[in-house]
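Whenever a hint applies, use it, and build me the whole structure from the sequences.
When the letters of the sequence shown are read in order and numbered with the numbering used here, they come out as residues 5 to 202.
Don't take every hint at face value.
Said to hold, decoys possible - Taking lysine to aspartate or glutamate and the DMTMM-like style, the derived pairs with C-alpha atoms no more than 25 Å apart in a straight line are:
1) Lys34 / Glu162
2) Lys146 / Asp55
3) Lys194 / Glu138
4) Lys82 / Glu163
5) Lys158 / Glu57
6) Lys82 / Asp7
7) Lys12 / Glu62
8) Lys37 / Asp55
9) Lys12 / Asp38
10) Lys69 / Asp55
11) Lys146 / Glu57
12) Lys81 / Glu23
13) Lys12 / Glu163
14) Lys72 / Asp18
15) Lys50 / Glu62
16) Lys183 / Glu163
17) Lys37 / Glu9
18) Lys158 / Glu176
19) Lys192 / Glu138
20) Lys75 / Asp38
21) Lys97 / Glu54
22) Lys82 / Glu145
23) Lys188 / Glu176
24) Lys183 / Glu162
25) Lys50 / Glu145
26) Lys82 / Glu9
27) Lys158 / Glu8
28) Lys69 / Glu58
29) Lys99 / Glu36
30) Lys157 / Asp7
31) Lys69 / Asp38
32) Lys75 / Asp7
No lab work stands behind these hints, which were simulated from the structure alone.
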Amino acid sequence: MNDEEIVKILQNDDVSNNEKESLFKQLVQKYEKDLYSTIYNYILPKGTKEDAEELVIETFVRFYKSIKNFKLQTTVKKYLYRIGINLAINFVKSKKIDFISFEEIKDELQDENSVDDEFFEKEKQNELKKIVYELFSKLPEKQRTALYLVIYKKMSYEEVAEVLNTSLSSVESLIFRAKQNLKKYILKNKELKEKLGL
Numbered sequence: 005m006n007d008e009e010i011v012k013i014l015q016n017d018d019v020s021n022n023e024k025e026s027l028f029k030q031l032v033q034k035y036e037k038d039l040y041s042t043i044y045n046y047i048l049p050k051g052t053k054e055d056a057e058e059l060v061i062e063t064f065v066r067f068y069k070s071i072k073n074f075k076l077q078t079t080v081k082k083y084l085y086r087i088g089i090n091l092a093i094n095f096v097k098s099k100k101i102d103f104i105s106f107e108e109i110k111d112e113l114q115d116e117n118s119v120d121d122e123f124f125e126k127e128k129q130n131e132l133k134k135i136v137y138e139l140f141s142k143l144p145e146k147q148r149t150a151l152y153l154v155i156y157k158k159m160s161y162e163e164v165a166e167v168l169n170t171s172l173s174s175v176e177s178l179i180f181r182a183k184q185n186l187k188k189y190i191l192k193n194k195e196l197k198e199k200l201g202l
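Next up, the structure:
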């Protein structure tokens, strides 16, 4: 039974609660690990595994409560991502924590600018990883989130647009501006340039 079929049954008032619970558990088992990984990495460095677990539970609770309004134009996975990411964003705001860095950003941001190349080659060093944390914390929330989903979760721009409930052109703009902001900060920060030996 696929996700669409399960959702239709969950939306049916004539189906018993026991059957609904059994089917909903299938969805939980299918997506909880990936959802946990997504949320946990998003709320790092100060968010804990327990925090991520609680947010995952809350994500499924909200999904179940809104199942009647769920429309099959989107997928269950993307809908869960939308709920989970929004909860993670609110968590980060409430804790006033820095945003996660991720090593995959190297390939995404590399271009012909040698500053980028040297920076991301050295990013593997612990001291420079701290700098990447700082860089991401300076990006506006929407830019951070879009870039996170593209690089860390390997989502297409179209998928990010659906998860964030925005247009494709908006996502393209967010990603472009995020990259430009990171590069500008690297080039303009004298202390950072000294640490990088540039």
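Results of checking the hints against the structure:
Pair hint Lys34 plus Glu162 holds up; C-alpha atoms about 23 Å apart against a cutoff of 25 Å. Under the criterion of a C-alpha separation no larger than 25 Å, the hint pairing Lys146 with Asp55 is consistent with the structure, at around 22 Å. Straight-line distance between C-alpha atoms of Lys194 and Glu138 comes to about 15 Å, which keeps the hinted pair within the 25 Å bound. A C-alpha spacing of about 8 Å is found between Lys82 and Glu163, which places the hinted pair at or below 25 Å, so the restraint holds.
Pair hint Lys158 plus Glu57 holds up; C-alpha atoms about 22 Å apart against a cutoff of 25 Å. Of the pairs offered as hints, the one joining Lys82 and Asp7 holds, with about 12 Å between alpha carbons and a cut-off of 25 Å not exceeded. The hinted pair formed by Lys12 and Glu62 meets the criterion: a straight-line CA distance of about 22 Å does not exceed 25 Å. Using a Cα cut-off of 25 Å, the hinted pair Lys37 and Asp55 holds, with the two alpha carbons roughly 14 Å apart.
At most 25 Å may separate the alpha-carbon atoms for a hinted pair to count; Lys12 and Asp38 meet this at roughly 23 Å. For the suggested pair Lys69 and Asp55, the alpha carbons sit about 21 Å apart, so the restraint of at most 25 Å is met. This hinted pair checks out: Lys146 and Glu57 have alpha carbons roughly 23 Å apart, not beyond 25 Å. At roughly 21 Å between alpha-carbon atoms, Lys81 and Glu23 fall within 25 Å of each other, so this suggested pair holds.
Taking the CA atoms of Lys12 and Glu163, the gap is about 23 Å. The hint holds against a cut of 25 Å. Straight-line distance between C-alpha atoms of Lys72 and Asp18 comes to about 13 Å, which keeps the hinted pair within the 25 Å bound. The hinted pair formed by Lys50 and Glu62 meets the criterion: a straight-line CA distance of about 19 Å does not exceed 25 Å. For the hint pairing Lys183 with Glu163, the CA-to-CA distance comes to about 19 Å; that is within 25 Å, so the pair holds.
A hinted pair counts as satisfied when its Cα atoms are at most 25 Å apart, and Lys37 with Glu9 qualifies at roughly 22 Å. Distance check on the hinted pair: Lys158 and Glu176 sit about 15 Å apart at the alpha-carbon level, within 25 Å; holds. The hinted pair formed by Lys192 and Glu138 meets the criterion: a straight-line CA distance of about 14 Å does not exceed 25 Å. A distance of roughly 22 Å separates the Cα atoms of Lys75 and Asp38; the hinted pair therefore holds under the 25 Å criterion.
Pair hint Lys97 plus Glu54 holds up; C-alpha atoms about 17 Å apart against a cutoff of 25 Å. Distance hint between Lys82 and Glu145 is fulfilled; the C-alpha atoms sit about 19 Å from each other, no more than 25 Å. The hinted pair formed by Lys188 and Glu176 meets the criterion: a straight-line CA distance of about 18 Å does not exceed 25 Å. Distance check on the hinted pair: Lys183 and Glu162 sit about 18 Å apart at the alpha-carbon level, within 25 Å; holds.
In summary, the hint linking Lys50 to Glu145 is supported, as the alpha carbons are separated by about 17 Å, within the 25 Å threshold. In summary, the hint linking Lys82 to Glu9 is supported, as the alpha carbons are separated by about 16 Å, within the 25 Å threshold. Taking the CA atoms of Lys158 and Glu8, the gap is about 24 Å. The hint holds against a cut of 25 Å. For a cut-off of 25 Å, the pair hint linking Lys69 to Glu58 stands: about 16 Å separates their Cα positions.
Restraint check for Lys99 and Glu36: satisfied, since their Cα atoms lie roughly 23 Å apart, inside the 25 Å limit. Proximity of Lys157 to Asp7 is assessed by CA-CA distance (about 21 Å); at most 25 Å being required, the pair is judged to hold. Of the supplied pair hints, the one linking Lys69 and Asp38 holds, its CA atoms being roughly 21 Å apart against a limit of 25 Å. In summary, the hint linking Lys75 to Asp7 is supported, as the alpha carbons are separated by about 12 Å, within the 25 Å threshold.
In summary, the structure agrees with every hint in the numbered list given earlier.
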